[in-house]
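For the protein sequence lines, the chains are C and D, in the order given. My numbering puts the first residue of the first sequence at 1, with every later residue one more than the last. My numbering puts the first residue of the second sequence at 325, with every later residue one more than the last.
Since the hints were derived computationally from the structure, they do not count as laboratory data. Take the hints with a grain of salt, since some may be wrong.
According to the in silico footprint, chain C covers these stretches of chain D (three or more CB under 8 Å from chain C) [what the hints assert, rightly or not]:
| # | segment |
| --- | --- |
| 1 | 402-415 |
| 2 | 433-440 |
| 3 | 444-454 |
| 4 | 460-474 |
| 5 | 554-567 |
Each residue gets a CB set at the ideal place from its N, CA and C atoms; glycine is no exception.
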Amino acid sequence: MAEASAVEIFARRHRLHPLEALPWLAAAAGFFVFPGYLALGGQILATILYAISADLVLGYAGIVTLGQAAFFGTGAYTAGVLAAHGWGEPISGLLAAALAAALVGYASGLLVLRSSGLGLLMQTLVVASLLAEAANKWNSVTGGADGLQGMVVWPIFGRFEFDLYGRTAYLYTLAVLFLGWVAARHIVHSPFGRSLTGIRENALRMPAIGAPVARRRLAVYTISAAFAGIAGGLIAQTTQFVGLDVMGLERSGSVLIMLIIGGVGELYGAFIGVPLYMIVQDRFAVADPVYWYFWIGLLMVLLVVFARGGVLGLVRALRARLRR
Amino acid sequence: MSDAALETRGLTKSFGALTVANAIDFRLERGARRALIGPNGAGKTSFVNLVTGALAPSAGRILLDGEDITHLEQARRVKRGLARTFQVSALFRRLSVLENVALAIAERDGFAADLFRPSGRYRRAIEEAFTLAAELGLAEDALRPVEELAYGRQRLTDIAVSLALAPKVLLLDEPAAGVPSSETGGLIEVIERLPADLSLLIIDHDMDLVFRLAQQVTVLVQGRILAEGPSAAIGEDPRVRAVYLGERWAR
Chain C
1 MAEASAVEIF ARRHRLHPLE ALPWLAAAAG FFVFPGYLAL GGQILATILY
51 AISADLVLGY AGIVTLGQAA FFGTGAYTAG VLAAHGWGEP ISGLLAAALA
101 AALVGYASGL LVLRSSGLGL LMQTLVVASL LAEAANKWNS VTGGADGLQG
151 MVVWPIFGRF EFDLYGRTAY LYTLAVLFLG WVAARHIVHS PFGRSLTGIR
201 ENALRMPAIG APVARRRLAV YTISAAFAGI AGGLIAQTTQ FVGLDVMGLE
251 RSGSVLIMLI IGGVGELYGA FIGVPLYMIV QDRFAVADPV YWYFWIGLLM
301 VLLVVFARGG VLGLVRALRA RLRR
Chain D
325 MSDAALETRG LTKSFGALTV ANAIDFRLER GARRALIGPN GAGKTSFVNL
375 VTGALAPSAG RILLDGEDIT HLEQARRVKR GLARTFQVSA LFRRLSVLEN
425 VALAIAERDG FAADLFRPSG RYRRAIEEAF TLAAELGLAE DALRPVEELA
475 YGRQRLTDIA VSLALAPKVL LLDEPAAGVP SSETGGLIEV IERLPADLSL
525 LIIDHDMDLV FRLAQQVTVL VQGRILAEGP SAAIGEDPRV RAVYLGERWA
575 R
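With the rest of the complex left out, here is chain D (with noise of 0.2 Å):
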């Protein structure tokens, strides 16, 4: 048995004549803190949509925990483990948090299609959500619409949402995005204390939190793994340097 927990095997998709991945042959260990980095148009959120079921790979195949769910629909894979958060906040807005991470309760312990028992009822998957969303130090906004909070807790909503589902693997894309640098110093804490035997791969392109966040990198250049390492070999890397201080030369 592989040890593995995310595995994806030659990897590819293609549009007409633009391959957005190429054979990609990736592999996240269990527990693993690893970061998925690249340049604008490198290919990381689509690799994160194949990955997730939300494209359809022309080629290629992806095991999680060794098992193959390149056919499975979006969101058997989520109950096979497989969770994740979005660059952009897609959050049920008008709802409250607690309501945001109840319905991912609901949905993970099989009873979000019961038709006859009042939610309220469902007590212990309430007081879930709350403990949950209060970790993460949401719980002065727990019923308040996600709507009205600020950027940086709706991030962290969206994380309380993903880690509701008990995953075994969590793809974070680009967490920080959008938050002002007030903000981010709880949301990085917040990743730092997440449980040690869940396997986080975070999409990114900010240097700054990947270092501080990751052990292993992964370096994704116009759709190919260009470098994999520790992060410290990676910062090294004459080919990444060049790639990143192409693209500031260029800005």
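So here's chain C without its partners, still in its complex pose (with noise of 0.2 Å):
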């Protein structure tokens, strides 16, 4: 390969592809198409949010997490708490989100990230239980089981209303998610981002190449936690209301399955696998509100056992076999 094509390949790899479109453009018709599916919608765009904050640790950095819940749940609760207590401008709550999940990011980090691999795994599942059990005895400020009541969220930059049909927040929703996407491919395609994926790959020979591993991961921690914190604060806004499951186990493990479900790593498993996920577990809870989950379980089976790499993987299998 002459040496132009492969340093302008290679230099040229963070410029946008006109496919990169397509989940905008998708999203932007369903704003039109769906009216009456705002809220969910609204709901899947916040997770995809979510899971993108997932894809930073574990699909770039290999940090495998159960406890991402951790942080969007302080996103949630912060939000939640101060519209409830009075301030319920949005803009500012989603900045206190992140920067409070930001801080447990970095605080649990510091003692989580000393381990990897199952120990690791294990860490991150009990600081989120920890976290989802001080909520739960806190009552006076979380509302504990019963969860918090009585948020007031304002109109956003003092005009735009939350209506009753969720349009305002599936914009505002769809708002924020572009300026984390916007900001997430920043990070990956940055020397940082890349110097993740040398992590993932090898983080033994990181430290041979004099990269600080440690301090690293606890940086892609902290972001991530801050991404999480936004995507729990916008669903506490949006919805107006924060439980105790945006803690719980479930909400850590269903976000590495829709990613699995897209693809890891590639920023956009999370544009695929949320929406697919969310819209299969609403189409079954109808069908069949007893045993949805079963049906999602084999999809899942089926998946991992045909998919590895998910449906970005399956894609590319496709693309490749067409090529020959």
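Put the complex together from the two separate chains, hints included.
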């Protein structure tokens, strides 16, 4: 390969590809085509941001975690408690959610990131469980098992009221997701993001090229926590309710499933896996209210057996076969 | 000022009753081509791990360019100019050759923690990475994931990654291990062409390779230095022959 072309291809990897417009076109179309489903749509958009946060740690840095809900929940409670106690300004609420979640991410990361693999997995789970239990016990602030009631979220920029149909909520969530995507995309294409993939591929070689692995892992863990916190804050503000489930194990686990369905470590896995999972879940719950989880499980098994690498992996494999 | 690029004084490491390094006084002169040989279990890899900081010594000191690095962590020693390759290829397997080398350059030049500028804008670093890969004959494979390459080419990538750090001292841990003999020629040529001011320590037990590449040889047996000297003299040394012959006998 000639020097120019290899260097050129390498230097252009961060440029936008036309296909990257697809999720945004779909999201915009969704607004007009399914006006009756905007509430679900908004939840999907916020969950995509949450899945991006998980992809940063799991897909890029190779940190396997079962505690992402700790940060999602911290964000949700921060935005929720603010709005329930007289500060309903949504954008500063989200910033506070991001900051609180980042603090929790940094503090817990200092402790848990000392280990890796299964030990790390268990410790992230423990952190999330501890926080969930704290939220449960701290009744006076969080509302405990009854959930946080009485949130009043002010209009966005003082102008756009949250309406009954979820239109404002949908567009607000879409805008925040877009900004989050821009930031995440920037991060994964930066030298920092590339060094994360180095850590994922070979954490033992990284110190041998002079990389401070512990510091990088803590940095991405904190950044990812902030993203998750914003996602949690979005859900709290748009549903005007926070329940204990925001910190539950299911929320930590399901986001991994959604990522695996879409594809891990590609940023776009979240845009495919989350809608697929949540729409299928919604439809199955209507068609078979008792056993819908069974169908989700079956879908999961099929994906793992026939499409490792998720939908994106499947698409790549098909394209490679067509080219031959 | 001492003219040793790398020096250890009384370097000792014990795991309980097992002593893998026993008061090793070792010197690697500037620009040297030295080999560290010894039978299996002599403590060669432990020595490398102690010097690079993957293992903490029980006693003794390690000096790089006359400065004490005994208590520096691994990544800091790399920044001071100490690089190594690995006995079993330890690369970023699903990343391309170019990316492997570029990661090392980013660390060396200190922009690897940059969150804001796209990595593609570090044009000079990418060009340097490509030039280095091309010098080692990896131009064709620059954009291929390392895991798809033949093993000999993976070893070359390993060397390219270490060279990208612009080290003063390079430790090559069994560079030809596992490489089919058809590919060792190219590998040896690459090592022979390394810059003269780079101080090189080749850790191996393949005597042919050692005699071709090294002028000086240190023989390690049971965590101690058994003999040291010019390659030819070491080849004739009866003690060394006994160790190696003994080992061959046992096989």
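Evaluated hints:
1. Coverage of the segment 402-415 of chain D by chain C holds [criterion: at least 3 residues with CB-CB distance below 8 Å; count 7].
2. For the segment 433-440 of chain D, the assignment as covered by chain C holds, since 6 residues bring a beta-carbon within under 8 Å of that chain's beta-carbons and 3 suffice.
3. Coverage of the segment 444-454 of chain D by chain C holds. Counting CB-CB distances below 8 Å, 7 residues qualify, and the rule asks for three or more.
4. With 4 residues having a beta carbon nearer than 8 Å to a beta carbon of chain C, the segment 460-474 of chain D meets the requirement of three or more and the stated coverage holds.
5. Note: the segment 554-567 of chain D has 0 residues with beta-carbon separation from chain C under 8 Å; the three-residue rule is not met and the coverage is violated.
Violated hints amount to a single one, hint 5; each of the other numbered hints is respected by the structure.
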